[in-house]
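**Student:** Residue numbers (our numbering), protein chains in the order written: chain R, 1 to 369; chain Y, 1001 to 1314; chain W, 2001 to 2305.
Keep in mind that the hints are not guaranteed to be accurate.
As the list claims (entries may be wrong) - Lysine-lysine pairs mimicking DSSO-like chemistry, simulated, CA-CA at most 27 angstroms apart: (1) Y:K1031 / W:K2201; (2) R:K40 / R:K119; (3) Y:K1200 / Y:K1217; (4) R:K119 / R:K43; (5) R:K46 / R:K119; (6) R:K131 / R:K119; (7) W:K2069 / W:K2047; (8) Y:K1272 / W:K2167; (9) R:K131 / W:K2167.
Stated by the list, open to error - Interface residues of chain W toward chain R, partial, derived using beta-carbon atoms under 10 angstroms: (10) N2124; (11) W2126; (12) N2214; (13) A2216; (14) R2220.
Since the hints were made in silico from the structure, they are not lab data.
The C-beta atom is built at its ideal place from N, Cα and C for all residues, glycine as well.
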Amino acid sequence: MAAVDDTMTEADAPTIIEVSPDDARRVQTPTEPNAQDGRKSDKLLKVRGLSTHFFTPDGVVQAVDDVSFELGYGETLGLVGESGCGKSVTALSIARLVPDPPGRIVSGEIEFDGIDVLKLDSDEMRHLRGKEIGFIFQDPLTSLNPTLTIGYQIAESIRQHMGLSRDAARDRVAELLGKVGIPRAKDRLNDYPHQFSGGMRQRVMIAIALSCDPKLILADEPTTALDVTIQAQILELIQRLSDEFHTAVLLITHDLGIAAGMCDRVNVMYAGRIVETGTVDELFESPRMPYAWGLLDSLPRLDDIRGDRLRTIEGLPPLLIQPPDACRFEPRCRFARDKCREDEPDLTPRAEPGHLARCWATEPGGWIP
Amino acid sequence: MATQVAVQGQVAQRTRASAGLWSDAWSRLRKNKLALLGLILVIALLLLAIIGPFITPYSFSAQDLAGVRANRNQPLDPLQTAHILGTDQLGRDLLSRLMDGARISVSVAFVVQLVILAIGVPIGALAGWFGGRLDNLLMRFTDIVYAFPDLLFIIILTVAFRETFVGQAMDGLLLVFVAIGVTSWVTVARLVRGQLLSLKETEFVEAARAIGVSDRKIVTKHLLPNGIGPIIVAVTLGIPGAILAESVLAYIGIGVQPPRASWGSLIAEGQKWIRSEEHLVLFPAIAIALALISFTFLGDGLRDALDPKLKGKQ
Amino acid sequence: MISYLTRRILWIVPVLFAVTVITFFLMHSVPGGPWDREKRLPAATVKRLNAEYGLDRPLYVQYVDWATKFVTGDLGPSYRYQDRRVNDIVAEGLPITVQLGVMAFILAVLVGIPLGVIAALGHNRWPDYLSTFLSIIGIATPSFVLAILLIVFFGVQLGWFPTGGWKGPQYWVLPTVALAGFPIAVIARYTRASMLEVTRKDYIRTAHSKGLGNQAVVSRHMIRNALIPVVTILGPTLAFLVTGSFIIERIFNIPGIGQNYLNSIATRDYSLLMAMTVLYAFAVAFLNVVVDVLYAYIDPRIRYS
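Next up, chain R with everything else stripped away, as it sits in the complex (with noise of 0.2 angstroms):
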């Protein structure tokens, strides 16, 4: 019945990388906070205690307790764990969408290029997204509005954000679907998402983020529901375009892989915490929380030779309905002692001075070295 014109496949896309292992494993060097036009603080978004409940019915969930961070300007930090950690949730925290009710910011802050994103009210936090903080979301068929067209979606911002005329609008759209690399841009503004694959459909969405030049980029799983294909075009796509534009990226998965190749900085959650911080070669090379150790097991690796199968982590994680003060990792860790049912660790500074971790264990003094 509905017949897709789907024209265009991926592999029009003009720009393919290949992203080797090699790749996968650099560090960009981090920008070093200068004084350049527009800073208004020493790092763009800083996040201190924030906890974000939702009240359901069967209880208060809390999906995001009291998490603190920081991201420098120009800077892609990576917020890494399993479905349902909380991840999401601080991202949408930061952008004020938690749907509400059920859901609320219950404590904390979020300074954002040195303003109280908190302490805003509807008017100026409407200023602030999708002009100063973009937004890439995981499902891109479900994330664009089926009966408008893309053209006008993503004019939408532009036109809310920068009191751009229709067509000046229309031009600058044309120009920015270019940039995303959809080929035929002016061909397509009046196309409708479904006219699109799932690749073109991201970075329609990505042109959206970008379409004012925002300060941050919060990419929720951008590439989780695409082929694994064209994922790697669309993280090459947000590392260029977030280069290009000095544009700083939250970048929310739960592939460490992904993580290790976008990354300065990761931020590992887990039940609603994090629970280990640094940068990805402190991370990588010397985790110091179990959790991360299981997670790093459970990718797929090309030099395991023995390649049985994949490792996983076992059992869930734990309700976040009262969680206990217990290390909420504890159930699921094999060098769990009864330390870590008693109390709940903080997050210690381990041997290099940014690398934080939660666990008794790897803490001065404790079990494992």
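Given the coordinates of chain R, assemble chains Y and W onto it according to the supplied hints.
**Tutor:** Chains Y and W alone, transformed into the frame defined by chain R:
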């Protein structure tokens, strides 16, 4: 949104891990105040219909002629005499007549749905299971039935067969049941077909097929139990329509035969007195409204409880 | 699209054929005939009349005869009103019935959709409760009850509107409202449910993430998507209005064609009944095609082939 759903889904999954489909649905239904209200009203209506005639001091056809004569041949008002809701012009107790009307409505509510199931389930199941030409034929057939203006067809049927044996049976009610039933089974047939079509492709059915379970067994043992939820919902939501259709028939005077009176015929009678004795219209109207509301609430609640995915759709 | 439409419209023909055959044979096979009167006519007269109108021929011959004339636009003589043609009766009453139906439809859409939108936007607050309450009342009140209540209150007690007849705009008000009550409630319920569903969609989150104001999100992104499922019930709603108007016409004594339906069944006025049946069946089938077209227009994903 995805996140919210994930969070709640996680909770739901855990707390309900051990609960089965039905206890699960029941626990959801219990939390739905409107659905509970509907359920209570439905039960009250059922009780009224079953025991009502035994507890009223008057028969629905007994005439209190003396009372009416004392009232200058006017219907008695509510609460003025022993007739709590008053009487009609012939001195018949309105409350007793309403209770008998409840009997009619309840029997319409359930018997019509039985007729619908008896026709719709086999047709839908045959079409869905065998597919192909048979499916095409049966679905074209449902198209035709669907194109009938149903209320008008019900009227034709009732008028046409009124003088026959079927038309006389059960004070004329049997004919009403059948007439409403044969015009309303299409929804159920389509639903059953759709359920079968989607379930047919699922793994447990393929597995059953692979180990050589017969077609008939797969349908009765695997598919019907799994597809029964939406059918229950459709049946429940079909009840108000049937009650409404019966009341329209009765109102235009071609349903149940006198001296029995359904709520619709009570309204038609009461309408003659509308300028002075509003209660003769008002109470039957309230009765119809309550019956329709209660089944609608219950049906909505069942739909939400049995299939949360369908929430808000019909 | 065109070929799809053609097929859909062509499909109406066999449907009408089936509907007319069933109605024709059903009506002719039941006892009684158009000549039944309070006082029984002499058998010879009945025989003569039957011969005159061709009612003594085999049924299938009569059907073929009826169908041939129907195709040429001749609906035959009325058996009841013996000096009138069915064409004239239909031509007289149809515009009134259509007008009533269309007015009620417009009212239902204009009230029902905003009511549903308001309910959804004020979800779980007083606008929602008020709107939900109104739609429950609407769904639980049969149109004939609503009609009577309107007559009692606005006609008799307040005396604002006439209680019967069809002589000018003030006569239109009560019947239109009475007829629209139920569809208003149904449309409002659907719209509300559909809006709430859309609220949770990812693309609404995307719209918010662009920094659009609430009003823009609702008007540009939510309503159109929310209306897609609502359109599907507009067909049945229109059909309900067209076929359900007879009871309203009867109560308000409106000279539309709806009243003829009941009368023609009761008096075995075969040709009038057949005309009415075809008209109604065609209306239902055709309106469903119209809704399909509307559906494709509002939802760009749907392109019929």
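**Student:** If a hint holds in the structure, say so; if it does not, say that too.
**Tutor:** Each hint tested on the structure:
1. Y:K1031 / W:K2201: holds (25 angstroms)
2. R:K40 / R:K119: Holds - the C-alpha atoms of R:K119 and R:K40 are around 17 angstroms apart, at most 27 angstroms.
3. Y:K1200 / Y:K1217: holds (13 angstroms)
4. R:K119 / R:K43: holds (18 angstroms)
5. R:K46 / R:K119: holds (14 angstroms)
6. R:K131 / R:K119: Roughly 18 angstroms separates the two Cα atoms, so the pair holds.
7. W:K2069 / W:K2047: holds (23 angstroms)
8. Y:K1272 / W:K2167: Satisfied, since the Cα-Cα distance of roughly 24 angstroms is no more than 27 angstroms.
9. R:K131 / W:K2167: violated (60 angstroms)
10. N2124: Because about 9 angstroms separates W:N2124 from the closest Cβ in chain R, which is inside the 10 angstroms limit, the hint holds.
11. W2126: violated (17 angstroms)
12. N2214: holds (8 angstroms)
13. A2216: This interface hint holds because 8 angstroms falls under the 10 angstroms limit.
14. R2220: holds (7 angstroms)
Hint check: violations occur at hints 9, 11; the rest are consistent with the structure.
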